[in-house]
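One line per chain: the protein sequences are A and B, in this order. 1 is the number of the first residue of the first sequence in this note's numbering; add one for each residue after it. 1001 is the number of the first residue of the second sequence in this note's numbering; add one for each residue after it.
Treat the hints as calculated values from the structure; they're not laboratory data. One or more hints might be untrue.
[Stated by the list, open to error] Chain B stretches covered by chain A per the calculated footprint, using a threshold of three residues with CB under 8 Å from any CB of chain A:
1. 1055 to 1063
2. 1196 to 1210
[To be verified] The following residues of chain A were derived to be distant from chain B, with all beta-carbon distances above 12 Å:
3. M1
4. I21
5. K47
6. N52
7. Q76
8. L117
9. M144
10. R147
11. A167
12. M181
13. E182
14. L186
15. L208
16. E216
17. K293
18. Q294
[Said to hold, decoys possible] Calculated lysine-lysine pairs in the DSSO-like style (CA-CA distance at most 30 Å, straight line):
19. A:K303 x B:K1239
20. A:K89 x B:K1106
21. A:K293 x B:K1093
22. B:K1090 x A:K310
23. B:K1190 x A:K310
24. B:K1106 x A:K310
25. B:K1031 x A:K239
26. B:K1093 x A:K310
27. A:K143 x B:K1190
28. B:K1081 x A:K211
29. A:K239 x B:K1190
A virtual CB, placed ideally from N, CA and C, is assigned to each residue, including glycine.
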Amino acid sequence: MVFLEFEKPLEKLTEQLQKIIQISEEGDIDVSDKIQELENKIKSKKKEIYTNLNGWQKVQLSRHPERPYTLYYINQICKKFVELHGDRKFGDDKAIVGGIGTINGQSVVIMGHQKGLNTKLRQYRNFGMANPEGYRKALRLMKMAERFNYPVICLIDTPGAYPGIEAEERGQAEAIARNLMEMAQLKVPILCYIIGEGASGGALGIGLGDKVCMLEYTWYSVISPESCSSILWRSWDHKEEAAEALKLTSEHMLEFGLIDEIVKEPLGGAHNDPEKMSKVLKAHIKKEITALKQIPTDELIDKRIAKYEKMGQFDLLVEGE
Amino acid sequence: MGWFNRLKDGIQTATKFKKEAPDGLWHKCPKCAATHTVKELKENVFICPKCDYHIRIGSHDYFDIIFEGKYTELFSNLVSKDFLDFKDLKQYKDRLEASKKKTGLKDSMSVAHGKINKKSLVIAAMDFSFIGGSMGSVVGEKITRSINYCREHRIPFMIISKSGGARMMESAFSLMQMAKTSAKLSQLAKEGIPYFSFLTDPTTGGVTASYAMLGDINFAEPEALIGFAGPRVIKETIKRDLPEGFQRSEFLLDQGFLDFIVDRRNLRERLDDLLTIFSLSDAD
Ligand SMILES: [Zn+2]
C-alpha cells in the first residue's frame, strides 16, 4: 500500500493492525477485540482525513498510484468488451483506449485515457498524455456509435495532451477542436466521467457530453496546479496555492454549474475499494443511459449545446458606463 | 483613405503605438532591425517595408483595414469579472483594471459588423495586448452572441485569433469556452453559414484547440506562431531544440492545417473574393 503525505496517520494504524493479525495467526491468543478496535480507529481516522481534504490533497489523490484506470473500469463494467485500435489515418495511440462492449444488455462505445500500472507501462501509455491520433481514434469510435445508435461513454484521466514536436506536426490542436465540434452534434447520448485528472484541453477533447460527472476525488481545470504555479508565480513552489486558487475540485465544479454531478467514492478513495467504485460507476452509467435514451435526438443536441452556451461569468455594462 | 485616416486619428491605433509612439517616432523591426517611422509603418499596414515582417496590431486596426474604418461594434458592453476571486502574485480584478487602463479596451476580443464592397461580414478579433489575448468567459460569450447574430441575419462570420490561450485566472470557466465556442460553431456549420478563421501571431493553446482550427477556411498571416503547446513547453518536455520554422504559418500550411497564407496588404481583397464566392444574401 502507498500512503500519501496526509495519509501518514493511517499508515501507523494499518501497520499495527497487520502485526496483530500476524500474531493471532501465529499463536492461539484471541485478539479479535484488539483487531476490532483498530479497524474502528482506522475507519474514523479515514473519515476525519477524507472529509477535510484541500484542493492540492485531492489532486494528489487523483494521481494515487493505486487508483483504478480506464481499462480496469471497462473490464469491471462491461460484460463483453472488444478493444478497437487505430485512427485509420496515422496510427494507434496508447494513451487513449476504447472499443465496443455491453453494459446490462446495452451495446455501448466506451473509451478513455489510459495510464500505465508500472514504470514500463507508464512510458508505453505516455503517462496518459494523448497524441492527435488518440483524439482521432476516439472520434472514429464516436462516429461508429452514431451509425449504430449506441451511447458513448468517456472516462477522463489525463495530465494533458502531449506537448511534442510530432503532436504539433500532426495537428494536436486541430484534433481536439474537431472532437469538440463533432461531439456537440453527435446524434447519440454522450456520458463523461472524470475518473482521475482532468487537465485542460487534453481532458476536454473527449469530455463534451450530455452528462459530465466527476468522481469525488478528482480535479478539472484549465491547467495543472504545477504549470499554473510556474507561469503565474514564476516558480514551481506554489502548487498548493495554485490548486486552491484554481478551485478545481468536484465540489467547486458542481457549484459553478460546469459539471452535472459528483459520483461519490468509497471511504478513502476509489483505490481503497476499486470493486465497489466500479459497481457504483456501473449503476450510475446504467441509470444515465436509460434516462438519456428517452430524449429525442434533436432535443438531446439542442440541450447539450444550450448547456455549454450558459457556461461563463461576466458582467454587462449599462450604457454610458 | 479609410483605414489609415482612422489610424492617423490615433483613436483605434494599436496600443503599443498609441501610447509610446507618435508618428515621428522610430520603430525598429524585430526581424531585420531596420528602423522606420511609425508614420511609414502605418501607411504600410504595419508591415516592415524592408522585410515584410507583420508587426502585431490590434482588433480595431484590423476592422479599419478590412472595413475601411466603417463598422459597428457589437456586444461591447460585456466585461470580465473576477468570479473566482483569483489571486496569484496579483489579484485578477486588478489585472483586469490595469489592462483596461493600459489598452483602452474592455477585454481581449472586440466584435464588429461591417461591409466589404457591400457584402456584410461579422468579425470577432482578439487583442494580444489585453492579458496576452487570453480567452475567458467574455471571449466565449462574444463569439456566442456573434454566432447567434450571424445565424439570425445570415451573415458570414470571421474570427481573428491572436492569443496565448485560455485565461488561467478563470480556471475551468475559461476551459469550457473551448467547448462553448466549438459547439456554437457547429450550429453555423449545420446552417450553412461560412466561418473564416484567420490566425495571426501568436495563436496557441486553447484558442488553437477550438475555434481557430475550425474554420471552413483557415488562413494565417505570414510567419505567425501557431500551435497547441507553446515552444517553451515543448522544448522543456523533449529536451532538445526545435526545428527552424517549427509552428510557423508556413509550416502549418505545409502540414495541411491552413488553406493559405495572406499578406495583410491583400487581406481585404482576399476576403472580398471569399464573400463573393460564398455570396450569401445581404442582411440589409
Ligand atoms: Zn523588417
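Results for each hint:
1. 1055 to 1063: Since 0 is below three, the answer is violated.
2. 1196 to 1210: holds (count 5)
3. M1: holds (32 Å)
4. I21: holds (44 Å)
5. K47: Label holds. Min Cβ-Cβ 28 Å, cutoff 12 Å.
6. N52: holds (21 Å)
7. Q76: Since the minimum Cβ distance to chain B is about 28 Å, A:Q76 lies beyond 12 Å and the statement holds.
8. L117: holds (23 Å)
9. M144: holds (19 Å)
10. R147: holds (18 Å)
11. A167: violated (7 Å)
12. M181: violated (5 Å)
13. E182: Answer for A:E182: violated, closest chain B Cβ roughly 8 Å.
14. L186: violated (10 Å)
15. L208: Check fails; 5 Å does not lie beyond 12 Å.
16. E216: holds (17 Å)
17. K293: It holds; A:K293 is separated from chain B by about 21 Å at its closest Cβ, greater than 12 Å.
18. Q294: The assertion about A:Q294 holds, with a minimum of 22 Å to chain B.
19. A:K303 x B:K1239: It is violated: about 45 Å lies between the C-alpha atoms, which goes past 30 Å.
20. A:K89 x B:K1106: Answer violated: A:K89 to B:K1106 is near 43 Å, above 30 Å.
21. A:K293 x B:K1093: violated (44 Å)
22. B:K1090 x A:K310: holds (28 Å)
23. B:K1190 x A:K310: With a Cα-Cα distance of about 20 Å, the restraint between B:K1190 and A:K310 holds, given a limit of 30 Å.
24. B:K1106 x A:K310: holds (21 Å)
25. B:K1031 x A:K239: With a Cα-Cα distance of about 37 Å, the restraint between B:K1031 and A:K239 is violated, given a limit of 30 Å.
26. B:K1093 x A:K310: holds (22 Å)
27. A:K143 x B:K1190: With a Cα-Cα distance of about 17 Å, the restraint between A:K143 and B:K1190 holds, given a limit of 30 Å.
28. B:K1081 x A:K211: holds (27 Å)
29. A:K239 x B:K1190: violated (42 Å)
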